[in-house]
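K.L.:
Chains as they are written, first to last, in the working numbering: chain A, 353 to 691; chain B, 353 to 691; chain C, 353 to 691; chain D, 353 to 691.
Quick caveat, the hints were computed from the structure, so don't treat them as lab data.
No experiment lies behind these values; they were computed from the predicted model shown.
Just so you know, even glycine gets a beta-carbon here, dropped at the ideal spot from N, CA and C.
Incorrect hints may appear among the rest.
Computed cross-link-like contacts, SDA-like style, restricted to lysine to any residue with a CA-CA straight-line distance of at most 25 Å [as the list claims (entries may be wrong)]:
1) B:393 - C:628
2) C:540 - A:428
3) C:540 - A:401
4) B:603 - B:572
5) B:603 - A:655
6) C:540 - A:399
7) D:603 - C:628
8) A:540 - B:631
9) C:393 - B:437
10) A:393 - D:430
11) A:540 - C:540
12) A:603 - B:522
13) B:603 - A:580
14) C:393 - A:620
15) D:393 - A:612
16) C:540 - C:520
17) C:540 - A:388
18) C:603 - C:641
Which residues of chain C face chain D? A few of them, derived with a C-beta cut under 7 Å, are [as the list claims (entries may be wrong)]:
19) 529
20) 553
21) 574
22) 577
23) 589
24) 590
25) 623
26) 625
27) 627
28) 630
29) 636
30) 655
Protein chains: 4
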Amino acid sequence: MIRLGIIGATGYTGMELYRLASRHPGIEIAFATSEQYSGQKLGEVFPRVDPDRDITLRSLDDIAEAPADVVCFCTPDGVAMDRVGAFLDRGMRVVDVSSDFRFDDPEVYTSWYSRPHTAPSLLDSAVYGIPELNRDRIRTADLVGNPGCYPTGVILGLAPLLEEGVIDAGQIIVDAKSGVSGAGRGLKLRNLYVEVNDSITPYNIGHSHRHVGEIEQELSRFSGERSYVVFSPHLTPMSRGILATTYVRVKNGATNGDLAALYEARYGDEPFIRLSQSGYPETRFVTWTNYCDLRIDRVDGSDFAIVTSAIDNLVKGAAGQALQNVNVMSGLDETAGLL
Amino acid sequence: MIRLGIIGATGYTGMELYRLASRHPGIEIAFATSEQYSGQKLGEVFPRVDPDRDITLRSLDDIAEAPADVVCFCTPDGVAMDRVGAFLDRGMRVVDVSSDFRFDDPEVYTSWYSRPHTAPSLLDSAVYGIPELNRDRIRTADLVGNPGCYPTGVILGLAPLLEEGVIDAGQIIVDAKSGVSGAGRGLKLRNLYVEVNDSITPYNIGHSHRHVGEIEQELSRFSGERSYVVFSPHLTPMSRGILATTYVRVKNGATNGDLAALYEARYGDEPFIRLSQSGYPETRFVTWTNYCDLRIDRVDGSDFAIVTSAIDNLVKGAAGQALQNVNVMSGLDETAGLL
Amino acid sequence: MIRLGIIGATGYTGMELYRLASRHPGIEIAFATSEQYSGQKLGEVFPRVDPDRDITLRSLDDIAEAPADVVCFCTPDGVAMDRVGAFLDRGMRVVDVSSDFRFDDPEVYTSWYSRPHTAPSLLDSAVYGIPELNRDRIRTADLVGNPGCYPTGVILGLAPLLEEGVIDAGQIIVDAKSGVSGAGRGLKLRNLYVEVNDSITPYNIGHSHRHVGEIEQELSRFSGERSYVVFSPHLTPMSRGILATTYVRVKNGATNGDLAALYEARYGDEPFIRLSQSGYPETRFVTWTNYCDLRIDRVDGSDFAIVTSAIDNLVKGAAGQALQNVNVMSGLDETAGLL
Amino acid sequence: MIRLGIIGATGYTGMELYRLASRHPGIEIAFATSEQYSGQKLGEVFPRVDPDRDITLRSLDDIAEAPADVVCFCTPDGVAMDRVGAFLDRGMRVVDVSSDFRFDDPEVYTSWYSRPHTAPSLLDSAVYGIPELNRDRIRTADLVGNPGCYPTGVILGLAPLLEEGVIDAGQIIVDAKSGVSGAGRGLKLRNLYVEVNDSITPYNIGHSHRHVGEIEQELSRFSGERSYVVFSPHLTPMSRGILATTYVRVKNGATNGDLAALYEARYGDEPFIRLSQSGYPETRFVTWTNYCDLRIDRVDGSDFAIVTSAIDNLVKGAAGQALQNVNVMSGLDETAGLL
């Protein structure tokens, strides 16, 4: 049994990770922390998540001696970079589900997050955690930067196209629609039912959302040249799910069949990627699952193509992918606890 | 008092037109038809729409002699083209809220709607009914083709940019999100609560939705050259409202201030267009109103700009705009019954 | 023009009152306060409420000299009782939309609200503000206690039955379903979209919700004997609206026709009460209106009857009724600004 | 492996049963029928339900020879009574998820369903399928009448109280709130998103809904005297889930502790019943599960008590309970495929 520690277990992501891990046949939860609820039983905070086992939530400061094989950080941005080192020093491996270890370059991190990176020396060794694209490096990594929710679906949709050079890396438009849980469990006016219900709104559109930096960094890896992404997120009246509609320019006259074949070649054996050229991805088909549904459509009369991808922002976009990374790192069946 | 006839009063659009017209100080409803409910009292079908006046719904075949000044068709596509002539011959003026009289060229109509146009000679005289853009021609028109819901918000957002030549007409991307009432009151599986709730899905994306033809026709008028639009509608879990997020390429280095100034110059005095460069358009701010909320944002680091527009698909996108057209045609205050 | 002051204008109730009052032909808004946003323009907080007039929000402490004819308190419970006296002393009349002046007896108040009442001497003169039931006393009142949202629909449904003695006052069951705005605009976990969406939950059921005391007090007035009410509120996934389903025991063998006739006699001329014995009340028919929809049904095979009532909790259940009270107090048309 | 046949696999209940059964370790799906989609692959109708196995939907008329151990009818009311006999004659066992075999007395059936019962001789042998209450009889039954969605939660909540005689069987009030899937997948105006969203409405309240007969029959079994139930269903804006709030009169001065102890004694070991006296049942905690969450609250100041129960109408209220019955009938672990 892999012993898993969860740091920050009472946000939506941490709770989802706890829920998934508690049902995982090869994992036991070694500890779970919450600064807000430390000292309380998990069952008092989330009565339905793990009724059979009454774990007590602890403070991050109180687990310095607690044993674990892998530790997942589901903390707010900026916490993990100060704390991960201590766990690595104790021989544990870490998956950081926050944004602290997704960037190669601390200056790029700072440009998007407006704070200095306090553990720049760890960035080099951190692996960007999309198993479908980085499986081998994740297997042996001590520190995995688990991707953001928006980047996951977008990068999975574009990587096969960019690595084969069939689309232009410099003019990519992502129009993304996210459920409200993507904004977290924080008490913000924007998250209130009455403010969100029965209405859709854009926010931080253009080139300003923090996930732009992460997306461009990863896409550039596949394109071999600097990518540029226009990114427009929209707050959508649903609890979970992200649908990303991505507009690209096709080079070399690739047909729809050519493009779909690239997906098939790249992802045909992937357990968590479902390709369909009949129905469109819909968020309801992926919520509560670790699937990413993908489709590509060439547009008549121009060189445009449209990639549509759907994931559950809390599962494949966060906790599920974290667990998938834990599986890969630990030599477990990659799908264990996730089907 | 202007006597208004409503053909097809029991779909969502017809019902909305009835609701608005029944509260209009300068309009009286001369008759209302419904093939499905003919012979029934309106109050039996919609108990709350017009409780003070118990009009009986009639069949379209039974109103050949009924007097009216203006007749609005809220019928399914393909009905108005066979019926409008008879009303015009009797000296009435017509606003067709269906798609039958939006196109200049019957062959273009046929290419998008897959049926021959049965009244091609009337297309020449029909005026495309966006008052903010065609007010003078509408004033004297006998036949107005009321725009589609998606085209209204998109065209209003792009016309000022195209007529000043500051964006490229050949590479426009519209990513639109519509509430479910846009699909009508028909009994289709796709319209059921359980199929739509808590999920978002694309449909007919690329260059295939019928509104593409209408949008491209109108945009070409402003650009003076053939326009090309990629158009991706999404079915969104809300009752009403359309948010269109439109991606354009800016020419000539126009700044955000330049672009916003074009909006201000074009629409500053328009009662139904609200410009904002602070908050984004949200559908909840426009539902149940005839407003179109508009904003434009240049994107850092590229020549892209993003136009966001929000309307209520049943009001400014259909019945409200029809009434606005009736106001203009009849010499009434353009905002009467609509504020 | 009646000059209206609004104390606490930035909660859902205060905002709704502002919205309604700003469109009222006989009222001008003298001032609006907000402790949270004092010093800011209203338009910065709510961009769409009153775009034509850019009022600055003030602190309650800063309006000691501001002139007004009527002042409405939309403050949290416990504020008005400390502040109302000063306004009355300056010759203004007050409608308290909070709970501070709904009770006759300060000890009853304390038993439900767990705090002493700091202005018990004012309770005697305060009139309970349901115009349909207390119109004459409201007309001349200096201080009106505007009813709670749940009590409004329940009391309107039961008063005609109790004053005619046709139902048992001692065994009344109210099962109420409220939209989320009833919980206010406060940042509470329970109000987050993700916690509420797609689920229904009871809360404070039985004889514990604070509105029980208010309902029992008012019902006892009509029954002439002590009433007893079981009250079960449910948080329902909708933004606005309350549906109350009330179960009563019929005495004296009154038929359904008898009961409906009591409603007709009592409310037939009331502009804001709509009686229907065909369709059931639905919250969608009353949201954004000041209507209370009412129906009564005798149950086959027993002495039970069921009263169903629907209101908008923010309009007839709060701000709309407050404005109706202001109309009555000020000699304005009772429906002004409310149809 | 138990071979399961599903008759009527393309409504919401049949689809849910297929989904659950396809993941059940001890069951293989022998055939699935659909009159509407016969001849089509299941994957064309529901792309995500069973992607690994491409079963072809057949007509009920085409499976006369198909082998199976148990057959579940998920057909509209009135179909099973004509068809079940043929399957029983071939030695198969049957769970009827429709209403045809829930009643003891064909005349009672007819009084609620307004049609004659065409297989009255089978009613005697049919067992009412709530395993928690009828487990032994279900084990050996050839024909199980699977309960209605509303009755399941109500009966589970009341049986322990009635069999101990602590409540009055003659004055029970059930106020139930159901998600929209309870109305089925039929194309009815009332099921459209726009008609249901953001609003709550009662329907068929009092003593008229068909489930009243079923509830009263079963409750009478436990009370040993004729029971009487007032039943008010409400259509609630959510996809799944039923919350029933039931008001009863307590006899003999039983305390809340006494009542809770009855639940504990009856259900303490039941895997699908969760008792809680802290938080209330909420539908979100039971959707997509086979759980019934239960709680009881004595009401201060009277002899009333309130039972709150929550289930997923499609799982414990239909397909999940059917599978639980199949497990019991077949000697499988009762929770197999259901946790």
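K.L.:
Each hint: holds or not?
P.N.:
Results of checking the hints against the structure:
1. A hinted pair counts as satisfied when its Cα atoms are at most 25 Å apart, and residue 393 (chain B) with residue 628 (chain C) qualifies at roughly 16 Å.
2. A distance of roughly 19 Å separates the Cα atoms of residue 540 (chain C) and residue 428 (chain A); the hinted pair therefore holds under the 25 Å criterion.
3. Annotation: proposed proximity of residue 540 (chain C) to residue 401 (chain A) holds, straight-line Cα distance about 21 Å (limit 25 Å).
4. In summary, the hint linking residue 603 (chain B) to residue 572 (chain B) is supported, as the alpha carbons are separated by about 17 Å, within the 25 Å threshold.
5. As the CA atoms of residue 603 (chain B) and residue 655 (chain A) are separated by approximately 20 Å, the hinted pair is consistent with the 25 Å bound.
6. Of the supplied pair hints, the one linking residue 540 (chain C) and residue 399 (chain A) holds, its CA atoms being roughly 18 Å apart against a limit of 25 Å.
7. Using a Cα cut-off of 25 Å, the hinted pair residue 603 (chain D) and residue 628 (chain C) is violated, with the two alpha carbons roughly 38 Å apart.
8. Between the alpha carbons of residue 540 (chain A) and residue 631 (chain B) the distance comes to roughly 17 Å, so the proposed pair stays at or under 25 Å and holds.
9. Of the supplied pair hints, the one linking residue 393 (chain C) and residue 437 (chain B) is violated, its CA atoms being roughly 54 Å apart against a limit of 25 Å.
10. Taken as a hint, the residue 393 (chain A) and residue 430 (chain D) pair is broken in the structure, with Cα atoms around 51 Å apart against an allowance of 25 Å.
11. Under the criterion of a C-alpha separation no larger than 25 Å, the hint pairing residue 540 (chain A) with residue 540 (chain C) is consistent with the structure, at around 9 Å.
12. Using a Cα cut-off of 25 Å, the hinted pair residue 603 (chain A) and residue 522 (chain B) holds, with the two alpha carbons roughly 17 Å apart.
13. For the suggested pair residue 603 (chain B) and residue 580 (chain A), the alpha carbons sit about 18 Å apart, so the restraint of at most 25 Å is met.
14. As the CA atoms of residue 393 (chain C) and residue 620 (chain A) are separated by approximately 57 Å, the hinted pair breaks the 25 Å bound.
15. Among the hinted pairs, residue 393 (chain D) with residue 612 (chain A) is consistent with the structure: their alpha-carbon atoms are about 23 Å apart, no more than 25 Å.
16. For the proposed pair residue 540 (chain C) and residue 520 (chain C), the alpha carbon gap of about 39 Å is over 25 Å, so the pair is violated.
17. With a C-alpha separation of about 15 Å, the suggested pair residue 540 (chain C) and residue 388 (chain A) falls inside the 25 Å cut-off, and the hint holds.
18. With a C-alpha separation of about 34 Å, the suggested pairing of residue 603 (chain C) with residue 641 (chain C) is violated against the 25 Å cut-off.
19. The beta carbon of residue 529 (chain C) is positioned within 7 Å of a beta carbon in chain D (closest approach about 5 Å), and the interface hint is therefore held.
20. For the restraint placing residue 553 (chain C) at the interface with chain D, the shortest Cβ-Cβ distance is roughly 4 Å, inside the 7 Å limit, so the hint holds.
21. Proximity of residue 574 (chain C) to chain D is violated relative to the hint, the smallest CB-CB distance being about 20 Å (cut-off 7 Å).
22. Taken as an interface hint, residue 577 (chain C) does not check out: its beta carbon lies about 15 Å from the nearest beta carbon of chain D, beyond 7 Å.
23. The beta carbon of residue 589 (chain C) comes within 5 Å of a beta carbon in chain D, closer than 7 Å, and the hint placing it at the interface holds.
24. Because the smallest distance between the Cβ of residue 590 (chain C) and any Cβ of chain D comes to about 5 Å, under 7 Å, the interface hint for this residue holds.
25. For residue 623 (chain C), the shortest C-beta to C-beta distance to chain D is roughly 23 Å, which exceeds 7 Å, and the interface hint is violated.
26. Checking residue 625 (chain C) against chain D: minimum C-beta separation of about 18 Å lies over 7 Å; hint violated.
27. Restraint check, residue 627 (chain C) versus chain D: the minimum CB separation of about 16 Å is more than 7 Å; hint violated.
28. Against a cut-off of 7 Å between C-beta atoms, the interface hint on residue 630 (chain C) is violated, since the closest Cβ of chain D lies about 13 Å away.
29. Taking 7 Å as the C-beta contact cut-off toward chain D, the hint placing residue 636 (chain C) at the interface holds, the least distance being around 3 Å.
30. Interface hint status for residue 655 (chain C): violated, as the beta-carbon distance to the closest one in chain D is roughly 9 Å, over 7 Å.
The earlier numbered hints that this structure contradicts are 7, 9, 10, 14, 16, 18, 21, 22, 25, 26, 27, 28, 30.
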